[in-house]
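Asker: Residue numbers (the UniProt record's numbering), protein chains in the order written: chain A, 1 to 103; chain B, 1 to 103; chain C, 1 to 103; chain D, 1 to 103.
Simulated from the structure, these hints should not be mistaken for laboratory data.
Since this is a predicted model, take the numbers as computed values, not measurements.
Some hints could be false.
All copies of an identical chain are treated as equivalent in the list; a pair is satisfied when it fits inside any one copy or across any two copies.
[As the list claims (entries may be wrong)] With a straight-line Cα cutoff of 30 angstroms, these simulated DSSO-like cross-link-like pairs (lysine-lysine) come out:
#1 Lys13 / Lys94
#2 Lys101 / Lys30
#3 Lys101 / Lys79
#4 Lys88 / Lys13
#5 Lys64 / Lys30
#6 Lys13 / Lys56
#7 Lys19 / Lys30
#8 Lys13 / Lys101
#9 Lys101 / Lys64
#10 Lys79 / Lys30
#11 Lys30 / Lys88
#12 Lys97 / Lys56
Here's the letter readout for the chains.
Protein chains: 4
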Amino acid sequence: MVLLEVSMSPLGKGESVGKYVARSLEIIDKSGVEYRLNPMGTVLEGEWDEVMAVVKQCYERMRKDCNRISCSIKIDYRKGAVGRLDSKVASVQKRLKRTLKTS
Amino acid sequence: MVLLEVSMSPLGKGESVGKYVARSLEIIDKSGVEYRLNPMGTVLEGEWDEVMAVVKQCYERMRKDCNRISCSIKIDYRKGAVGRLDSKVASVQKRLKRTLKTS
Amino acid sequence: MVLLEVSMSPLGKGESVGKYVARSLEIIDKSGVEYRLNPMGTVLEGEWDEVMAVVKQCYERMRKDCNRISCSIKIDYRKGAVGRLDSKVASVQKRLKRTLKTS
Amino acid sequence: MVLLEVSMSPLGKGESVGKYVARSLEIIDKSGVEYRLNPMGTVLEGEWDEVMAVVKQCYERMRKDCNRISCSIKIDYRKGAVGRLDSKVASVQKRLKRTLKTS
């Protein structure tokens, strides 16, 4: 399983791209893949093909009406690890013995 | 003000880098700069110098006992915008008229 | 067509990951997809599926003997644009009316 | 010393951002810091403060006439290592015993 953080936005559609980001979140939220939205991107968890298929859907949707798209993806693969959308944050809080600001 | 997402980890210290990530969160949490931790990084909000000073502190601390460090930073500057650690996520939820998974 | 920059390396395999990076370049160089290697990653040019298939091959190869992998991907899609591995750099040099340091 | 790859562009200034990227390269090229331009960013080599000062100059210049800026930075620190703008690429080519496409 991988954790994949994605952020994708169009160039040439003005300073505010919220409408396009929301469309991607619609796709992600309905995909059935586990995810967490944050102020700079969305972290998905699943097998490589599973999460990449969702990212490609977001790209294909955006491409329909955007001529230039910038996308950044960060991937953290760890053999045998699952449930890391929550456990990575929890383990940092456990080490520091306190609750941190998460959302 | 900028939003800055940072992730920083050592190479050469094994597969598990949680101890080093927790040390960075200790610095961030005590810095007084607003932040949100997520499974793939930590998003800070502040003026460029303010947030970059915290990132540099994390780097200097890690450099003391790590010979190789990989760090990725994403920055979103928007003139006159404040409180975006919460408002960016809230505005996506408002557009979709439902609560999304955030943490 | 997209430009996709990828960097992929294992955690837990020591400070030097040159052996693993070279294996990925072997895959990329033999893939037939146009690319440019730089000190921080490799930029590929092709359709989304074409370049992502090569990235996945690198991931699958690394996964065989690495339990943790960190990968970052940046994508620049521009409708109708081809040959940008060279034209993006050339256009900056043209604007500045001088040759810049490229490799 | 660190290798730092930066890419910085405005939102809200249309699909073509070449004019703004060229202005950043003007600053980088005149900074005296060693660099290599590639199709997806520019890799600088120097001490943390040195390279970050150049990145901040690019940001401050872009901020004068751009209300929204997206910037991504990747950093590779390695204790005691210098000249990696060329040696990282050279070492991959040495391992594969052939010349690769670099620019």
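Asker: Compare the structure with each hint and give your call.
Answerer: Comparing the hints with the structure gives:
1. Only between protomers do lysine 13 and lysine 94 lie at most 30 angstroms apart by alpha-carbon distance; the minimum there is 20 angstroms, versus 43 angstroms within a single protomer.
2. Proximity of lysine 101 to lysine 30 under the C-alpha cut-off of 30 angstroms is found in both arrangements, the shortest distances being 27 angstroms within a copy and 12 angstroms between copies.
3. In this assembly of identical chains, the alpha carbons of lysine 101 and lysine 79 lie at most 30 angstroms apart whether taken from the same copy (28 angstroms) or from different copies (25 angstroms).
4. For a Cα distance limit of 30 angstroms, the shortest separation of lysine 88 from lysine 13 across copies, 17 angstroms, qualifies, whereas the shortest one inside one copy, 35 angstroms, does not.
5. Taking the shortest alpha-carbon separations for lysine 64 and lysine 30, only the intra-copy value of 19 angstroms comes in at or below 30 angstroms, while the best inter-copy value is 32 angstroms.
6. With identical chains, the CA atoms of lysine 13 and lysine 56 are at most 30 angstroms apart both within one copy (20 angstroms) and between copies (26 angstroms).
7. When the C-alpha separation of lysine 19 and lysine 30 is checked against a cutoff of 30 angstroms, the pair qualifies only within one copy, where the shortest distance is 17 angstroms, while the shortest distance between copies is 35 angstroms.
8. In this assembly of identical chains, lysine 13 and lysine 101 lie within 30 angstroms of each other by CA distance solely across copies; the values are 27 angstroms between and 32 angstroms within a copy.
9. With identical chains, the CA atoms of lysine 101 and lysine 64 are at most 30 angstroms apart between copies only, with a shortest distance of 26 angstroms across copies and 37 angstroms within one.
10. In the homo-oligomer, the alpha carbons of lysine 79 and lysine 30 lie at most 30 angstroms apart both inside one protomer (27 angstroms) and across protomers (27 angstroms), since each shortest distance falls under that limit.
11. When the C-alpha separation of lysine 30 and lysine 88 is checked against a cutoff of 30 angstroms, the pair qualifies both within a copy, at 24 angstroms, and between copies, at 20 angstroms.
12. In this assembly of identical chains, lysine 97 and lysine 56 lie within 30 angstroms of each other by CA distance solely across copies; the values are 24 angstroms between and 39 angstroms within a copy.
Checked against the numbered hints given earlier, this structure breaks none of them.
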